[in-house]
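Fit chain Y to the supplied structure of chain V, relying on the hints for placement.
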Amino acid sequence: MSEMQTQQELISAFLDEEMSPQQIDELLAQLDCEQGRGLVCRQAMLGTVLTGQAKVYRDISGAVRAAIREEPLPGAGNTVVSIFAAKAAVRSVAPRWKVPAAGLALAASMAVAAIVVVQPSSHRAESGALLAAQQEAPTASASLALQPAAAVAQVEVPASAPVKLAARELVIAPPEQARPIIAQWSSADAQPVNLDGAATMPVNVQERLNSYLINHARYGGGYALSGSLGYARVAASPQQRMDEPRK
Amino acid sequence: MLKFVAAALIGGVPAVAFADALEWLQRMNEAVREATYQGTAVYRNGDQLETLRIYHRFIEGEENERMFSLSGQPREILRQAEQVTCIMPDQRAVLTDPQGLRGLLPKLSRAAFEQLRSHYELIEVAAQGRVAGRACRQIQVLAKDIYRYNYAVCLDQQHALPLDIRLVSDRGELLEQVLFTQIEFPEHLAKEHFVSAVDTEGFRHISQHRVAAGQADDQAFTWELLEVPAGFRLATRERQYWPGIESPVTQLLYTDGLAAVSIFATPEQLPEEALQGLTSLGGVNAYGRMTGTFHITVVGEVPQATVRFFGDNLRQVPSQPLP
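Residue numbers (the numbering used here), protein chains in the order written: chain V, 1 to 247; chain Y, 1 to 323.
Keep in mind that the hints were calculated from the coordinates and are not lab data.
It is possible that some hints are incorrect.
Just so you have them, the derived chain V footprint on chain Y, three or more residues with Cβ under 8 Å [stated by the list, open to error]:
hint: 1; stretch: 258-266
hint: 2; stretch: 279-288
hint: 3; stretch: 295-301
Chain Y residues, not near chain V, derived (Cβ > 10 Å throughout) [to be verified]:
hint: 4; residue: Arg117
hint: 5; residue: Val198
hint: 6; residue: Gly292
hint: 7; residue: Leu314
Glycine is no exception: its CB is placed at the ideal position from the N, C-alpha and C atoms.
Same shape as in the complex, but just chain Y:
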């Protein structure tokens, strides 16, 4: 019945099999890493539009990427392999992160592909789309439950690069979107395209560091979830010292392969700095509450019900003694 309805209502536009859609997403996964391209994209959040210029290349086994804003105050992000540098001229600050943001376009793990079927309906729309003057293949990713959002992407017919990515709520609201308005795929891009033109002399240089093994001061316990929404698994657990916070901040990242949720736990947080309840930014929802002397905040591109689920199920448990 469910399949019938979904297929029927998608029905006017023929859809093809899950496997074909999956194959397109796998092609996308390679393209976002290995394609060389330059283009202009629009980031849309509600009624806000921002324009970004992007250069990307894959050379000698490394990704290079440069992205900067074309509207408003300048922002620039450079990525060479894993190192990311954010230049903020208005703040006269340079942020360097040896393991920074993972790039403009998404890269999905093999596990993500394998899990997709359980929690999402993958649909490739047979009708071709067109974005930035290029033919593209439309793929829709429909959540099967209330714990995740839906996605719609249009992949370049030739290169499989996503030209349009949309985050859609369960009510059909367009929450966020990245859309190329112009894109080229040259064989080579000169290295000059990956060098910032901003003079950063005199800027503050800022970095963040992880908690080294044995450096932790509150390892008598760890954080665990009593229950996790189906399909979500723990992907990373980090403890870092953040400037301005004396104790390390614990971050747990859960993902179902497409959606990601971060849980932050901080001790000794002042009441006036603590989010209590729900808030949102575009497609991102956040939920905060106190548990004992810790404040926890859950952030993710998932519905409010999901961040709340994570937040309400987080508990401290004693650490296992080392053998």
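Bound-form chain V, shown alone:
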């Protein structure tokens, strides 16, 4: 039996939910999932996720996470891996933005500044934890399959209790605690963070990033499917009072 035939049989067994966790691990390994960059692996995982086979997804989520946990992004350090590897963290409100004085680009940055604040590096960890938690939870709606609106509106997030993932503990802030303002630039490997977990990315850098973001949305929206998301980024409202414009 050829290797391809073997893999096909394994995949069939996987689809029929006849595989043990160990066998799933072996299949993922064969699909080059250790490297996380194999097209087969990605399409396999995405295909499962995107088509809403939530049960299967839950079944393999642990194995998938284990397989890709330590995968570095090509040329990008370990920033994304940190969503699984980062230590527990409770959200904190980021420092306020200082808004530039005038001008379209800077005013544009205000529009985006509304949705961009200094971001502790733990944010991605939290987001990842949240997603992971949703994937783990029986009632989770983090499956990426297209679902009715109601399903999204009814995201059930463990609010007050820490969520335990395999070998790691992650804390999700309860609603009464300070939550992140809104979408935030995360300080990946770009900037260090202080002991509080607060990013030290200078305000000026973030202001400039906001200008870039909105100008990217202006021109990119006409070409990109994701342009609509950029537009929504601009229109989404802030929960945070911004400082007076600089003179």
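For chain Y alone, coordinates are given in the frame of chain V:
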């Protein structure tokens, strides 16, 4: 083998041909421009949810659109043809752009459709979805390499308007989403729906202008990429004066038809204003570095590897002398 695996794992849910999915996307392209609709949408970024109200109509060959936030501080965006006005009451500012944002929903070029097959796997899921109480057709756009993200859209069965757009990482993480929770398709929408109720008297009015031909002061060179990820092409090149920056900012926009990447080059940037390395916002990644006396920043709804690729391959080259 690859096709087998993709098909097999998508397999429990029947998928139909690329051509059918493409036809749906082309219908979507027309619908986002020509449909008249009003609705409420949710923008989701990680665990953040924001609610937006949207009105859109196509009348006398022009698009009118109005979008405003229903939660938090007010934000309003009006679009009449190409002109976009952003009203920010909390900042007491009105931003007017004669060629502004291209609208809430995406419009794809013909070239984009033609390129899709090379870099994305298009899959229409036979099973119907349901969003905002309406039947919709699920289309998945799976990237074939590491340089782009994946998309999932659900198109209204009757009008082909996208009721749900998702940006998904190569690990299956939902990065961002726009989802209608309520939508109607009336025959007409009165013009009153496209007028802001915000009193902007006393607000600052702000605009941005392009660098006119011959006005440039540093045209001895131009920017080029030594190498571009497969499928990406240069779509626009702009030089504009931005308030607060003495020299013009150069923006290069590359797209593969679905994903877009912008490169910004600014001279004389102060070190404290310069991003060094990688950062992200939802599905948007950014990468910054110095090259000579210029700082370049790459921004796009693409993986970190992609923004870094663009940033590391950007070079200054002498401009071609005019004949």
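Least C-beta distance between Y:Arg117 and chain V, which was stated to exceed 10 Å
Per Cβ check, Y:Arg117 is outside 10 Å of chain V; nearest 15 Å; holds.
Assertion that chain V covers the stretch 279-288 of chain Y - criterion: three or more residues, beta-carbon distance below 8 Å:
holds (count 8)
Y:Val198 and chain V, when compared Cβ to Cβ, separated by more than 10 Å:
holds, 13 Å
Would the non-interface assignment of Y:Gly292 survive a Cβ cutoff of 10 Å against chain V?
At roughly 18 Å from the nearest Cβ of chain V, Y:Gly292 sits farther out than 10 Å, so the non-interface label holds.
State whether the coverage of the stretch 258-266 of chain Y by chain V holds or is violated, taking the criterion as 3 or more residues with Cβ-Cβ distances under 8 Å.
Answer holds; 6 residues pass the 8 Å Cβ test.
Nearest-CB test (10 Å) between chain V and Y:Leu314
holds, 14 Å
Checking C-beta pairs, does the stretch 295-301 of chain Y have three or more residues closer than 8 Å to chain V?
Coverage by chain V holds here, the residue count being 4 at a Cβ distance below 8 Å.
Violated hints: none; the structure is consistent with every hint.
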